[in-house]
Amino acid sequence: MNTIKLKITDEIPQNVADCLKNGGVIAHATETVYGLACRWDNEAALERVAIIKQRPPEQPYSLLVNDVASIFQLTGLDNLQMHNFLETLFPAPVTVLLPRIRDAKIAFWNDFPLLGFRLPDDPLCQKLVAAAG
29 MNTIKLKITD EIPQNVADCL KNGGVIAHAT ETVYGLACRW DNEAALERVA
79 IIKQRPPEQP YSLLVNDVAS IFQLTGLDNL QMHNFLETLF PAPVTVLLPR
129 IRDAKIAFWN DFPLLGFRLP DDPLCQKLVA AAG
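In the working numbering, the protein residues as written are 29 to 161.
The hints are simulated quantities; they were obtained by calculation from the structure and are not laboratory data. Even for Gly, the Cβ is constructed at its ideal location relative to N, Cα and C. Each hint should be verified, as a subset may be incorrect.
Here are the simulated DSBU-like cross-link-like pairs (lysine-lysine), alpha carbons at most 35 Å apart as the crow flies [unchecked claim]: (1) K133 - K33; (2) K81 - K155; (3) K33 - K49; (4) K155 - K49; (5) K81 - K133; (6) K133 - K155; (7) K155 - K33; (8) K81 - K35; (9) K81 - K49; (10) K35 - K155; (11) K49 - K35; (12) K81 - K33.
Pairwise CB distance ranges (calculated) [as the list claims (entries may be wrong)]: (13) E115 - K35: 32 to 38 Å; (14) K33 - E115: 25 to 31 Å; (15) I36 - P127: 33 to 39 Å.
With these hints in hand, go ahead and build the complete structure from the sequences.
Quick look at the structure:
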């Protein structure tokens, strides 16, 4: 495993996105903590994060998203009041736990009845999420 320390430049978000798209796992700062991240749709990378974190299997993970619409696509929720609430709440340094009401495309997520979502307020985090897709 390689550790790469980077200075923050304009190319960093795309370099990180390329790493994530190729199954990489990164450590990065958020507004509140340092976290490990991978793409939500890469099962092998998700399993690596689970092993590295040694996290209890029933504890929900947080997914970083770049807009509220992504939350509804990933959960299957369809609630205008919740949508409006989240639009007023985010971006912010909080995690919102929401029920997953349909099966996910990636089997890893089907073990979790709740999913945590963050829409980061940190500009670098926003750029990383947008670049990673």
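### Query
Is it true that the C-beta distance of K33 to E115 lies inside 25 to 31 Å, as the hint says?
Roughly 36 Å apart at Cβ, these two residues miss the hinted range, so it is violated.
### Query
Under the criterion that the straight-line Cα-Cα distance not exceed 35 Å, is the pair K81, K33 satisfied?
Measuring from Cα to Cα gives roughly 20 Å; hence the hint holds.
### Query
Taking only the CA atoms, is the gap from K35 to K155 under or equal to 35 Å?
holds (15 Å)
### Hinted pair K81 and K155, Cα distance within 35 Å
It holds: about 24 Å lies between the C-alpha atoms, which stays within 35 Å.
#### Entry: Cβ separation of I36 and P127, checked against the hinted range 33 to 39 Å
Roughly 36 Å apart at Cβ, these two residues keep to the hinted range, so it holds.
### Query
Is the hinted pair K155 and K33 satisfied, with a Cα-Cα distance of at most 35 Å?
Holds, at roughly 18 Å.
### Task
Would you check the hint for K133 and K155, treating anything up to 35 Å between C-alpha atoms as holding?
It holds: about 25 Å lies between the C-alpha atoms, which stays within 35 Å.
### Query
Keeping to a limit of 35 Å between CA atoms, is the pair of K155 and K49 held or broken?
Status holds; Cα separation ~15 Å.
### Message
Next pair to validate is K33 with K49; report whether the Cα-Cα distance is within 35 Å.
### Response
Answer holds: K33 to K49 is near 19 Å, not above 35 Å.
### Message
Hinted pair, alpha-carbon criterion (35 Å max): K81, K35. Please report holds or violated.
### Response
holds (25 Å)
### Query
Quick one, are K81 and K133 close enough, alpha carbons at most 35 Å?
Holds: K81 and K133 sit about 23 Å apart, inside 35 Å.
### Query
Taking only the CA atoms, is the gap from K49 to K35 under or equal to 35 Å?
holds (21 Å)
Violated hints amount to a single one, hint 14; each of the other numbered hints is respected by the structure.
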